[in-house]
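Take a look at the letters that make up each chain.
There are 2 protein chains.
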Amino acid sequence: MTGHWSDLLKEIKSQRGNAGKPMYLAISDYIKDAIELGNIPDNTKLPTNRELSQILAIDRSTAARAYAELARDGYIASHVGRGTYTRSPMKLAPSADFEATSELIWAEKFSRASQTVYDMFRLEHSKYGWQKGVISFAGGIPTAETYPNQDFEDMLSSILEQGRGHEMFEYSPGEGQPGLRREVKKYLESQDINVTDDELLIVSGSQQGLDLVSGVLIDPQDVVAMEDPSYLWAICCFKSRQARCVPVSLDENGLRLDVLEQVLKRQRVKFIYTIPNYQNPTGITMSVERRLNLMQLANQHQVPILEDNFAGELRYEGERLPSLRALPGGENLVIHMGTFSKALCPALRLGWLVAPAKAMSRIVIAKRASNLSTNSISQVLLAEFLGRGLYDKHLSIVRELYKKRRDTIIGALQKELGYLAGTQKERTKVSWSKPDGGMFLWIKLPDGCHSRDLLTYAERAGVTYAPGDMCFLTPDNPEYLRLCFIQLDEETIKRGVRRLARAIKSYLEDISVSQENRSFALGAGGQTFI
Amino acid sequence: MTGHWSDLLKEIKSQRGNAGKPMYLAISDYIKDAIELGNIPDNTKLPTNRELSQILAIDRSTAARAYAELARDGYIASHVGRGTYTRSPMKLAPSADFEATSELIWAEKFSRASQTVYDMFRLEHSKYGWQKGVISFAGGIPTAETYPNQDFEDMLSSILEQGRGHEMFEYSPGEGQPGLRREVKKYLESQDINVTDDELLIVSGSQQGLDLVSGVLIDPQDVVAMEDPSYLWAICCFKSRQARCVPVSLDENGLRLDVLEQVLKRQRVKFIYTIPNYQNPTGITMSVERRLNLMQLANQHQVPILEDNFAGELRYEGERLPSLRALPGGENLVIHMGTFSKALCPALRLGWLVAPAKAMSRIVIAKRASNLSTNSISQVLLAEFLGRGLYDKHLSIVRELYKKRRDTIIGALQKELGYLAGTQKERTKVSWSKPDGGMFLWIKLPDGCHSRDLLTYAERAGVTYAPGDMCFLTPDNPEYLRLCFIQLDEETIKRGVRRLARAIKSYLEDISVSQENRSFALGAGGQTFI
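Protein chains in written order, with the numbering used here: chain A, 546 to 1075; chain B, 546 to 1075.
Heads up, a few of these hints could be off.
Each pair may be met inside one copy or between any two copies, as identical chains are not told apart.
Stated by the list, open to error - Each computed DMTMM-like pair below joins lysine to aspartate or glutamate, with the alpha-carbon atoms no more than 25 Å apart:
#, residue 1, residue 2
1, K970, D1055
2, K654, D764
3, K577, D803
4, K810, E1054
5, K970, D574
6, K974, D696
7, K810, E961
8, K810, D796
9, K731, E1054
10, K938, E1035
11, K577, E715
12, K1050, E653
13, K654, E614
Everything labelled a hint here was simulated from the structure, so no lab data went into it.
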């Protein structure tokens, strides 16, 4: 086809005369036309730069530039070792150009934030699963049996019958569907939390609340002081904004203020994150005096508090303790978070955020940028549910149910492992928390044990749980495991604990040999609050 | 009461003997007990440090330390100029300690990200509003009249009748409700977008898609190359992660590749963000050839593309153009975003994200950290809607409706402002885009005009719109305004355009004097793609 090419010469020259465009463009344009008109068929091998420059009596750089144009616009493709071929961009086919694998392209594209979240996720999902037949104390989602489906269905029907269906399909403002906002305000008042309209935001689950507050408050290297251990996905939210999470240990009354005070004195803390009720993962409840003193301390240092009340309604004995938001100073200092996912129904994905107006003015806008607004249907439905006073009814049902399950798991642990709890032998001592509410129970194995090693035994025995180490900011806390007791019926709980006890027994036997030395090495790392 | 205090001395001394604790603690503990037992009533004035040190024959620092303890734990409060008073922490009342205003506490707490979002929001909401009686071409949310409420209601009823209500209240996995995922996959296949299960994510509206992708890909100072002007809240998402947004101007065929290529050569670009169909705000559609060449260029530089197809289904003439994801290389390079909010119903807050598996593995986890999962009710409802083939029916209805509205607004503009469009006088020339789909029309005023100045005239005339300057990354683009034409009926559109024309006329008259000089000054800044 070299002949063909040399014939083009004067045509291109004349073209150039007309258009007065640079030679390389004249060439590339001509070849483009020729390809599109079919004068040069697809997959025609083109001359090399050198050949083209000889044929057209132009210098090599001009030929190269012409080909570069054609390549950029997709008219030709170069295949290593095979030369340059034409193709019509209109029926461009996957080719060597496109064989780069996603792996290669994406491997180095991910942000540090993404890496943080990814590591957390791997930590949570490594080494324990949901295989069939395995009794799982892991996770923390109430089971469907407790959802008030019949109430929901009745309400949906009646909303439709009343011709109010459209309410469910109208766009809700970012701050939340007005009807639901009214009901949540009433609900909060019953908790002595009085909010004005510019202090309340409806969120798509409290995880979004955490995400929004993190985005609004945290700059890289900011310090967040928080309970250690704490809620994995809160740690994740903060770290993904590159916060420095500073651990504050707990005692049986909650967050230790002597430790916190040292932190507040030594560092500039952006905010304090705490779960005062039935803390995740320890199940510890902060005493009233501790709450009051925490407010004092935060106020002295003018440091805001993010209060996560994820399970506040799941109280199995005693009086409801005051929310930090309801205590003196709370209106200025506290961002209060709550959700309907744990006590009611996670599928609704609805929670609330209460914050001082000044802070809320920013959080509302962050919500706008995060997902504009929350779905209306679920908001209308929940508003109806609250408006009919069905929530209290529902709470009394689940409280009774979950209280039985808590009593059952504690009873079962006492029955199966009591002899290890009572023992004086540190190397075999197993202890657990006795939460007065919530969904989590916290077990401590003897120093030197590792809850991830135990998982192997547990899964062999047909039971699983959440290893506690992932909830810690500090290293060397391998002895803990978290059990969620609300998602299994009493019989299953008993069976699960029997299996767990069996696993712990054989695990302790296996390591008893190496135990002595290790316990000395690791003893210091063990927490002492249970 | 000094007498009373001196009496304490030996008691405290003896106490100390027993407990062997430091004097300042002995004192503070004793006073705590006395307060809690009511031996010292609330609001009792305490002696000053000096008095206390004299009474107890201790040095001042010990007295001060004792009081510090009491203050930290909330048993006493100091009121400037009035002295120190007791109070029971249990009935702690708001006091001088708590009078710090939120303003003070929060003023310096907000992150840079928050500031970015806040500024964007102010930009969007400054200077134009939604007052009663004002005809608004601003915003971009389809009006409720188009929502298929009756279909939704029928489906809800039949889902309930079929005893499938529970599906709506079960927790959905983070990647989306299985039924909806199946339907969205089918829908995407009809667009030549074939996805595997690990390439698809259901999101809570495409704004969440933007937020997730930003979080997963952007580190501070990363470069995002994007159309200029572009979607305000996309710019916001990127900037809030501290991305450097590099502008790429548009021509009538979309993103200018010659400009983009220079950017790709000069800088390390993390990804390219583009809206190929009916771009926001210009309404421009990217030509097929441009799409092919964009893929070529992105592939040469191995730079991913975020394709925002927010209004792809709102096509009023011509064939559907191929999604970048459906073009060669798309499976490796393109993250494709779409939503049901514009063509169907924003209240559902549902959209989708398609990404190469490697990227999706991170995005799914980011979704987990953002809001766990999306509400089930709306997902089940939409799955049903798609499954019944109602979406196509709905699309043909809204396409016809919106096409009429587009024709109406263009006709009205021609009728009212045609004489200014035709003019040769640059100083009075007004031009506008003729979008072949979507919801936005883009108007260019004569150089030297400012769309925010015009707003004053517009609102006086009873009409409003979105000033274009907020959509630009580059400064000095004050001559543009964006009109949303899908949210008003034809009569209102005509009336609105009449008002707008009146406003433009009087605005041009008022500035015509100073026009000449300014047009020379600002002319260069004006874009030329319409």
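- request: Give the relationship of K938 and E1035 under a CA distance limit of 25 Å: within one copy only, between copies only, both, or neither.
  value: For K938 and E1035, only the intra-copy Cα distance (22 Å) is at most 25 Å; the inter-copy one is 51 Å.
query: How would you label the pair K731, E1054 (within, between, both, or neither) given a Cα cut-off of 25 Å?
result: neither (56 Å within a copy, 55 Å between copies)
- prompt: Within a copy, between copies, both or neither: where do K654 and E614 come within 25 Å Cα-Cα?
  reply: neither (28 Å within a copy, 52 Å between copies)
field: Copy assignment of K970 with D1055, given that the CA separation must stay at most 25 Å
entry: Answer is within; shortest intra-copy Cα gap is 16 Å, inter-copy 93 Å.
message: At most 25 Å between alpha carbons: which applies to K1050 and E653, within, between, both or neither?
response: neither (46 Å within a copy, 54 Å between copies)
- prompt: For K970 vs D574, is the C-alpha pair at or below 25 Å within one copy, between two copies, both, or neither?
  reply: neither (88 Å within a copy, 36 Å between copies)
query: Between the shortest in-copy and the shortest cross-copy C-alpha distance, which are at most 25 Å for K974 and D696: within, between, both, or neither?
result: neither (47 Å within a copy, 62 Å between copies)
- request: At 25 Å max between alpha carbons, let me know whether K810 reaches E1054 within a copy, between copies, both or neither.
  value: neither (46 Å within a copy, 64 Å between copies)
task: Since the copies are identical, ignore which copy is meant and state whether K654 and D764 lie within 25 Å (CA to CA) inside a copy, between copies, both or neither.
output: Answer is both; intra-copy 22 Å and inter-copy 9 Å each pass.
field: Homomeric proximity label, K577 with D803: Cα distance no greater than 25 Å
entry: So K577 and D803 pass the 25 Å test across copies only (17 Å; inside, 77 Å).
field: Intra- versus inter-subunit Cα pairing at 25 Å for K810 with D796
entry: within (20 Å within a copy, 58 Å between copies)
task: First find the shortest C-alpha distance between K577 and E715 inside one copy, then the shortest across copies, and answer within, between, both or neither for a cut-off of 25 Å.
output: Neither way: K577 and E715 sit 52 Å apart in one copy and 57 Å across, limit 25 Å.
When the structure is compared with the earlier hints, violations turn up for hints 4, 5, 6, 7, 9, 11, 12, 13 and for no others.
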